[in-house]
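Q: Spelled out from the first residue to the last, the chains are:
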Amino acid sequence: MDTFNALMHGFSVAIEPSKLLFALVGVFLGTAVGVLPGIGPALTVALLLPVTFKLDPAGSLIMFAGIYYGGMYGGSTTAILINAPGESASLATALEGSKMAKAGRGGPALATSAIGSFVAGTIATLGLAFLAPWLVEVAVKFGPWDYFALMILAFVTVSATFGDSPLRGITSLAIGVTLGLIGIDRLTGQARLTFGVPELLDGVEVTTLAVGLFAVGEALYVASKRFRDPEEIVPIKGSLWMTKEDWKRSWAPWLRGTAFGFPIGALPAGGAEVPTFLSYSTEKKLCKYPDEFGKGAIEGVAGPEAANNASAAGTLVPLLTLGLPTSATAAIMLAGFQQYGLNPGPLLFAERPDLVWGLIASLFIANTMLVIINLPLIGLWVRLLAIPQPWLYAGILVFAAMGTLAVKASVVELSMLFVFGFLGFLMRRYDYPVAPMVVGLILGPMAEAQLRRALQISLGDPMILLENPGSAILLGLAFIGLVAPFVMSGLNRFKASED
Amino acid sequence: MLKSILSRGAVTALALAGLTTAAFAQLELKIMAPAAPGGGWDGTARSMQQALTASGIAKSVQVNNVNGAGGTIGLAQFVNGAKGDGSQLMVNGFVMVGAILLNKSPVNLSQVTPIARLTAEAQVIVVPADSPIKTAKDLADRVKADPAKVTWAGGSAGGVDHIMAALFAGAVGGDATKINYIPFSGGGEALAALLGGRVTAGISGYGEFEGQIKAGKLRVVGVSSGARLPNAPDAPTLKEGGVNLEVLNWRSVVAPPGITAEQRKVLADAMEKMAKSKEWAEILKARGWDDAYLGGAEFEAFLKAEDARVGKVLRDVGLVK
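Chains A and B, in that order, are what the protein sequence lines are.
Per the numbering used here, residue 1 is the first one in the first sequence, and the count goes up by one each step.
Per the numbering used here, residue 1001 is the first one in the second sequence, and the count goes up by one each step.
Honestly, I wouldn't trust all of these hints.
Using 25 Å as the maximum straight-line C-alpha spacing, the simulated PhoX-like pairs for lysine-lysine come out as follows [stated by the list, open to error]:
1. A/Lys141 - B/Lys1276
2. B/Lys1144 - B/Lys1239
3. B/Lys1030 - B/Lys1239
4. B/Lys1104 - B/Lys1178
5. A/Lys141 - B/Lys1149
6. A/Lys141 - B/Lys1217
7. B/Lys1134 - B/Lys1214
8. A/Lys141 - A/Lys285
9. B/Lys1285 - B/Lys1304
10. B/Lys1059 - B/Lys1273
11. A/Lys141 - A/Lys288
12. A/Lys141 - B/Lys1273
Just so you know, these hints were derived from the structure itself, not from any lab.
Please take these sequences and the hints and turn them into a complete structure.
A: Right, dumping it as structure tokens:
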């Protein structure tokens, strides 16, 4: 009951007109920067920090939270409309979302992502308010071995993005994992596969690869087919809004996505990518219309979108309760807290309850504002697709290049974008799936670092992976996931031969 | 687009604040933070921007970020692109000294014009609250007995935390090549590993662990400064614990190569004035940084000495051949 009263008190802080204004500005900015590829919420908050130095702490933090939630949502708009995921968390959304947009179903895709984000954000924020102290106890117990097992589980689920040929999928994944090796090895500080190019020391940027493969690759592919076999983009087909059927197919993925996103986001090294992949593959398995996956299944948008927003709320759990920043944006928000002489951590709830609960309450408000701002915009966004194809794709190329340069203004980065773009074109042309490659780049380095850390802690004993119940269970699940399809098909064949 | 609008907004807002306090000086500066927005160097650069404009020392200050590879990407761009330009500065620090060696950077700090050291942050060694290790001596005994069995959690490989772990082993007579140092990205993950009791000890800037120390979840084994910290009078120094070790994570500012003695003097004077302004003092207090101003030839000598010390450690632990 204490929590409830504190939350109500928080609302009384957050609905002051000035705070509402801060939340509105934050949400608006967040959506805007989320839409621009390359400029993420982290950069925006960093740039705003010096400006807000003299402003009221509660107001600024509320604005930052608005930017964070808004950015998570805005990233999905470009992922759906032009197949250019602005950040790695909206990668899974692009898979089905862009297919829906091309088939004239961009409206429902954007709507399910907006409402799914709202539902997930609200549930996860409730989780943040009521479960945070308990959840964080569990989260810090998660060791490198557990993370490694979680990554392995995520690797197994990647097969959902493989398309028709597992061999081609694994090829694409292997290229991605190899790209992940480029750069300074995090555990020894040695450079790997950089060929003396200093820009490669930090590795391949996920957004550069994703935008190159998805957006640039597609633009080249469409251009190559323009005169022989033009692809039809249907701006709007059927209802602009979600139909009754769409609602029916969306609500369960929203909830499941939240269930993945929030707890994994709360883990100190969980992140937003893993839950979106897990959600995508779960929806593919559970969907009543598995044939639609790869052609624009609404479940494939609803689930990952809910997951990435829920993970954003999850990230705030370790930030507020322990002062642990687990994402770039959270790290900068932490700098924001410190700018006001506040130290997030176990004492913050006790020392500044008005601020913490005001922030949590404003998250609910920011979430509501997001839906209110974005639903009416859908009609406008979808009209983008009515732009003649050559113009649209030229615009996408400019947009992609600008976004890449905004992250890292270097010739090497821009060259990489177009090399990946060309690779994406070839892969499309020869029917290789591109998503596993990006997944490999994200998961590969994470899995490697966690495994090596685990072995360093155990002084080299690999049994540590099986001795810990958490990692043992996750590895068991991964094993079942890997073997079950073969066993099932074997059983079916067995049954068939008996008949 | 938006980025430039935002930063321009920031500059205008700060310039307006400056208007009220002092008349405009004519100095226009560009400061490079060779790191992504949000980190320590970026914070230093933006704090300088704030102090320089608010105190009226400079008319306008622009901060640009060139991130990557421990600052060496920014350093290369600075050395090659800003040569002879007396209106540009770059923030750097302890971490860059190690990164240059580790990344076999083609450019190094001997190519820039040293201006001044500005801040320093004490490092701290902590253990989980329920650890049997109570003092620096307890930890020293363990490291001496078997360095491989003591797991250290800290920031990136070759960074200040890693170097300090190696220096600690060396200072207590253990084998620095055998230390079991586990790098984590950022202080957050290292903190989780400590709170979960998975590592023996952790190293970081004091500020990073402060909340947990005050909450009693982490115990300070020793701080790396010469004297106890003013904001943590209860925490003993490593020297008090019998370990002769002093490490400061300093941050400084340098100018491009090839500037004239006159240009150098203008910049050095501006930095000295800023370091002594009340605006700077306020920022230091808010951020929890120590004033470590050191200018001119003294700073140049300090930079050389640190370069030699870090180089030796990195070779000792086998990170640099």
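Q: With reference to the structure, classify each hint as holding or not holding.
A: How the hints compare with the structure:
1. Annotation: proposed proximity of A/Lys141 to B/Lys1276 is violated, straight-line Cα distance about 46 Å (limit 25 Å).
2. Annotation: proposed proximity of B/Lys1144 to B/Lys1239 holds, straight-line Cα distance about 17 Å (limit 25 Å).
3. Taking the CA atoms of B/Lys1030 and B/Lys1239, the gap is near 40 Å; set against the 25 Å cutoff, the hint is violated.
4. This hinted pair checks out: B/Lys1104 and B/Lys1178 have alpha carbons roughly 23 Å apart, not beyond 25 Å.
5. For the proposed pair A/Lys141 and B/Lys1149, the alpha carbon gap of about 21 Å is at most 25 Å, so the pair holds.
6. Pair hint A/Lys141 plus B/Lys1217 holds up; C-alpha atoms about 14 Å apart against a cutoff of 25 Å.
7. This hinted pair checks out: B/Lys1134 and B/Lys1214 have alpha carbons roughly 16 Å apart, not beyond 25 Å.
8. Restraint check for A/Lys141 and A/Lys285: the C-alpha separation of about 30 Å exceeds 25 Å, so the hint is violated.
9. Straight-line distance between C-alpha atoms of B/Lys1285 and B/Lys1304 comes to about 29 Å, which puts the hinted pair past the 25 Å bound.
10. Only pairs whose Cα atoms come within 25 Å are accepted, and B/Lys1059 paired with B/Lys1273 is accepted, the gap being roughly 14 Å.
11. For the hint linking A/Lys141 to A/Lys288, the alpha-carbon distance of about 37 Å lies beyond 25 Å, and the restraint is violated.
12. The straight-line distance between the Cα atoms of A/Lys141 and B/Lys1273 is roughly 49 Å, outside the 25 Å bound, and the hint therefore fails.
The structure does not agree with the numbered hints 1, 3, 8, 9, 11 and 12 stated previously, though it agrees with the rest.
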